[in-house]
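Chains as they are written, first to last, in the UniProt record's numbering: chain A, 1 to 217; chain B, 1 to 217.
These aren't lab readings, by the way, just hints derived from the structure by calculation. A portion of the hints provided could be inaccurate.
Note that identical chains are pooled: a pair holds if it fits in a single copy or bridges any two copies.
Unchecked claim - Derived BS3-like pairs (lysine-lysine); straight-line CA-CA distance at most 27 Å:
no. : residue 1 : residue 2
1   : Lys95     : Lys64
2   : Lys96     : Lys28
3   : Lys96     : Lys49
4   : Lys41     : Lys121
5   : Lys58     : Lys41
6   : Lys6      : Lys96
7   : Lys6      : Lys28
2 protein chains.
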Amino acid sequence: MTESGKPILYSYFRSSCSWRVRIALALKGIDYETVPINLIKDGGQQFSKDFQALNPMKQVPALKIDGITIHQSLAIIEYLEETRPTPRLLPQDPKKRASVRMISDLIAGGIQPLQNLSVLKQVEEEFQLTWAQNAIISGFNALEQILQSTAGTYCVGDEVTMADLCLVPQVANAERFKVDCTPYPTISSINKRLLVLEAFQVTHPCRQPDTPTELRA
Amino acid sequence: MTESGKPILYSYFRSSCSWRVRIALALKGIDYETVPINLIKDGGQQFSKDFQALNPMKQVPALKIDGITIHQSLAIIEYLEETRPTPRLLPQDPKKRASVRMISDLIAGGIQPLQNLSVLKQVEEEFQLTWAQNAIISGFNALEQILQSTAGTYCVGDEVTMADLCLVPQVANAERFKVDCTPYPTISSINKRLLVLEAFQVTHPCRQPDTPTELRA
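Work out the full structure: start from the sequences and follow the hints.
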């Protein structure tokens, strides 16, 4: 926390995991300060001694709040949900909560980790795009099918949930990696409906304190 | 559910994600039936039409319970926790719950997905072992440091939590991939204390209905 008591989010404008948390903070109306961690500059600021002391996984996001530092985006969102329950990001019904967590874990554990920067660096450069596309396509094939039975206006029913916070940044990654999303009409239409919401707009990678001028919108 | 009303766990004896759920079921005293899904036989039974209808991600575990099917191990465990709260696998204090989820996500999202069978298949055979070792070592370096501030007898304090359900199967994977665990005294000693508990013993990969005779113990 800052001296003013505001939470501090260690974030990178383009990180999809950071974006998830930014949306949660925006939806819940939590005022916070951003400390940008540039994953590329200076060989990666996440590798600095100071940041490693904060998050030994050397990853963003990390959130300093209530005297503790939490990393792992879903753990952060679950903590915000338990301590700042309004508006809720998990439905009341345990079966619907299970759907939300299943979709969130599918994206946060089954797709994103396979196409993130640190993993792609381990793949030969000429295969990186295909590698990332394969991870996303394989996950989206499953996700499209699952959403067909869980979705209403959004991923699970008609309320914005943690699953939606995972969906939008992952679709943005899919677009960056030039994945054709026409085979995923459910994913695409939910994404479209979410992108017009204010909390998704103000937290968008193109509107962050650390967004380079040429990528601003 | 079976006609008798028992939950059905679709599991593979060696899958670390399946093992997590088996421990949760054992700790909570939930009687269930196992349907083995052999990830290697017949080119991988997870790719069968029947199983894909159940889990489009083509992964174990999946749990049929209370009229729904849940996949993603942590989503399953969170559902069990909400519907069968005793004994609890998440502490009452939200800050400690955050630690449990952070450690669980670090393993379930930050280590395991990078060293699982389907990913290793995409890596050239001669690099597979190094790839898996790198994922585990990089995660364990972080985890060892985190546990130094969260651990008591187990990962977070002195009660068995969801984090412990992730730790033990991941250490077993580390051993399978010949990772030297001496640089991780905290991980190793917690693992040792957990392995003697009944719920970890009866659910061990060497004691499952689908464990091949030569691997039984």
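* **Intra- versus inter-copy proximity for Lys121 and Lys41 (alpha-carbon distance at most 27 Å)** => within (15 Å within a copy, 32 Å between copies)
* Asked: Are the CA atoms of Lys95 and Lys64 at most 27 Å apart within a copy, between copies, both, or neither?
  -> between (31 Å within a copy, 12 Å between copies)
* From the Cα coordinates, with 27 Å as the cut-off, is the pair Lys58 and Lys41 best called within, between, both, or neither? -> For Lys58 and Lys41, the Cα distance is within 27 Å only inside one copy (14 Å; across copies 38 Å).
* Within a copy, between copies, both or neither: where do Lys6 and Lys96 come within 27 Å Cα-Cα? -> Close across copies (21 Å), not inside one copy (32 Å); limit 27 Å.
* **Intra- versus inter-copy proximity for Lys28 and Lys96 (alpha-carbon distance at most 27 Å)** => For Lys96 and Lys28, both the intra-copy (20 Å) and inter-copy (22 Å) Cα distances are at most 27 Å.
* Checking Lys96 and Lys49: alpha-carbon separation at most 27 Å within a copy, between copies, both or neither? -> between (41 Å within a copy, 25 Å between copies)
* Using 27 Å as the alpha carbon limit, work out where Lys6 and Lys28 are close: within a copy, between copies, both or neither. => Within one copy only: 14 Å inside, 39 Å across.
No hint from the list above goes unmet by this structure.
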